[in-house]
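Trainee: Note that the protein sequences, when read in sequence, are chains A and B.
Mapping to numbering that gives the first Met the number 0: the first sequence position 85 is 84, numbers consecutive.
Mapping to numbering that gives the first Met the number 0: the second sequence position 359 is 358, numbers consecutive.
Bear in mind the hints are in silico, worked out from the structure with no lab data behind them.
Among the clues, some could well be false.
[As the list claims (entries may be wrong)] Interface residues of chain A toward chain B, partial, derived using beta-carbon atoms under 10 Å:
1. H57
2. T69
3. E72
4. N74
5. Q77
6. V80
7. R107
8. G112
[As the list claims (entries may be wrong)] Beta-carbon label-pair distances, calculated as ranges:
9. B:S374 to A:E85: 49 to 59 Å
10. A:P185 to B:D56: 57 to 67 Å
11. A:P265 to B:S374: 36 to 46 Å
Fair warning: this is a prediction, and the values are worked out from it, not measured in the lab.
Every residue gets a Cβ at the ideal spot worked out from N, C-alpha and C, and that includes glycine.
Here is how the chains run, residue by residue.
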Amino acid sequence: MRILVAMSGGVDSSVAAARLAEEGHDVTGVTLRLWGGESDTGCCSVSDVDDARRVADHLGIDHHVFNFGTDFERNVVQPYVRDHHEGRTPNPCIECNRHLKFDRLLRRALQLGFDAIATGHHARIVGARGRRRIARGVDPRKDQSYVLHMLDQHVLERTLLPIGGSTKEQVRAMATDLGLRTASKPDSQDVCFIKTTEGRVSFLGRRTTLTPGVVVDGAGNELGRVEAVELVTVGQRHGLGLPGGGPPRHALRVDPVSATVTVGAPEDLLVERQTVGPVSWAAEPVSGSLLVQCSAHGRPEPADVAPGPDGTVTVRWRERHRRVAPGQAVVFYEGDEVVGGGPAHPA
Amino acid sequence: MPDVSYLDHAATTPMRPEAVDAMVPWLRDLHGNPSGSHRLARAARRAVDDARDDLADLLGCRPGEIVFTSGGTEADNLAIFGAGVERGVPVCSAVDHHAVLDPVRARGGRVMGVDPSGLIDLDDLERVLRDAAPVGLVSVLLAGNEVGTVQDLDAVRAAVDACAPGALLHTDAVQAFAWTDIATRAAAADLVSITGHKFGGPMGVGALVVREPAAIAPMLLGGGQERDRRSGSTPVPAVVGLAAGARACAEERKATIERVAALRDRLADGLLAAIPGAVETADRAHKVASNCHLCIPGVEAEALLFLLDQEGVCASAASSCASGAAEPSHVLSALGVPPSLAAGSLRLSLGWTTTAADVTRALEVVPPAVARLRS
């Protein structure tokens, strides 16, 4: 097969490319340039492009750079800012995977005559044609199935995840055996387009208005103040401007319009159901008893999933569950396999 | 060489054999620092002096007016930073290379507009010169690296003398040397930048002409080489190759231009006829003979270049700087090309080694690649 491998300059995608080349595929590496601004989080930097290129040289495969900066700005950065502005908690990595690393890259790859794309994600693709699904990677600490939950049959049919069946240690060992310069490179983390030294507040402050807000209890009594309601996440306990010493209080609701954060006791966070939508399904919609996961490395909890109105889904928890911050992805699993998922609605 | 049709001469052009031959003895057999006093140093000194004389003849300046640099970017920076803040702010054109634009911006300078062909808008120039007074230096790209427009420096000089008397005129002639006679076309400039690898000399060496009575302050301090204008041991093989390449290029220039212009016309006309909607950028009458620049709607330059590369056609989208990242071209925006059209830009630049077969292959490869990306 002619395969275009997305090489970030990290160890996982380096080994993904190496494996495919070793299997005899016609492999070309590509590094996506997504963010033109400054970054210090080990993603998209010039040195990562250099690492990817040198690994490709080492493997004897061609390497190209595709600049998808405009798409990244439009599909990842702007929605990130808008979500915060509207009181949701975005997951930019999911949007980047959805729009850039899969949709945009696959379209480009097919246009250029490739049969498939590959990435270094820790997840697997299982099942027969027409019923393919994302399944958890074998390394539970590195599993990335959650951030790939939205991939549909068109993408799954034309995507390879060569390292999903390996642990991180195995991946690093293979990189070391092959003499790849990325073998001991640390994993990237955090939001790649926000400098850790700058932080979220300053980044968002340059792109949107941050609204000072009041923190109230369930009865509407003011308990404190926050600098920016847009930066408060449902479930959050610290940084709410509350006097110390009292019982623990968590953000239950954030209303950016009235600039109000409502807080309550930990048990007030618990809900019986959760609405999710719009939902993307791997294949056909699935309902009934499923495992439901609400963060990248959260614990999957049993729940009954039923279709709701307008393409939404209602999750009825077996045991009352901490409410999910609006905008966070809620992902449905059958065993280890992703059947679908989508963003949480406000509780 | 792999079987390719190389149409990226504006990025870099193959070295001329005369340049290689001139360099080889200085790489393999001879050594000696021209600043020294012993016989080997004196021989090196003689080679550098000969090269300087030869180049001065080709550039229409005196030998002492040549400052050897590491290339075009250093020559441009030396012109702009060396001209001195006390003279006033620098001004450049919107189509200038980043090696000029960025130093001008760093010095708090101003940028003037161009017309849709990329020619300096003289009214805008005069307006900027009056607005920004005192102007210390005006920099104008002699031949454009992207679309190939050649400027009329005499007209620019007249405007500068009228509106900002005392300002120096600098021209980045890096792309121009191979395709115009610098001695006449750049005679009006006080400062002229050239670089070896755009005309058949080696990479890593260039020169700035500092025409008296203009003077510049050095950026690099040290041994005081190049009459204190650019310190650093003179790279003898590079300088010798620079002059030999320039001589070979200049001697064949007229014939090369005639031959290449015909190939370029065949290429541009053929592509325009075969690709529906393709638009030639800038008026061909104002361009160097080597430039074929098209904007192709409905195509992403990056994808097109990938397919051309696979078929053995080496081209580029805009300038070939940095990582090759497809940033929107500042030149095309200055020409008023809408972003949707600029997204499909294709620069095919011909050179002294270009053959009819190179053009034929491009004519065979480009239209189907465009059709494929549009399907």
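Trainee: Give a verdict on every hint.
Mentor: Taking the hints in turn, this is what the structure says about them:
1. H57: Status violated, d = 19 Å.
2. T69: Cβ of A:T69 sits 9 Å from chain B, so the hint holds.
3. E72: Hint violated; A:E72 Cβ to chain B Cβ min 12 Å, cut 10 Å.
4. N74: Violated, about 16 Å.
5. Q77: This interface hint is violated because 17 Å lies over the 10 Å limit.
6. V80: violated, 22 Å
7. R107: Nearest chain B Cβ about 6 Å off; hint holds.
8. G112: holds, 8 Å
9. B:S374 to A:E85: 49 to 59 Å: violated, 39 Å
10. A:P185 to B:D56: 57 to 67 Å: holds, 58 Å
11. A:P265 to B:S374: 36 to 46 Å: violated, 58 Å
Checked against the numbered hints above, the structure violates hints 1, 3, 4, 5, 6, 9, 11; every other hint is satisfied.
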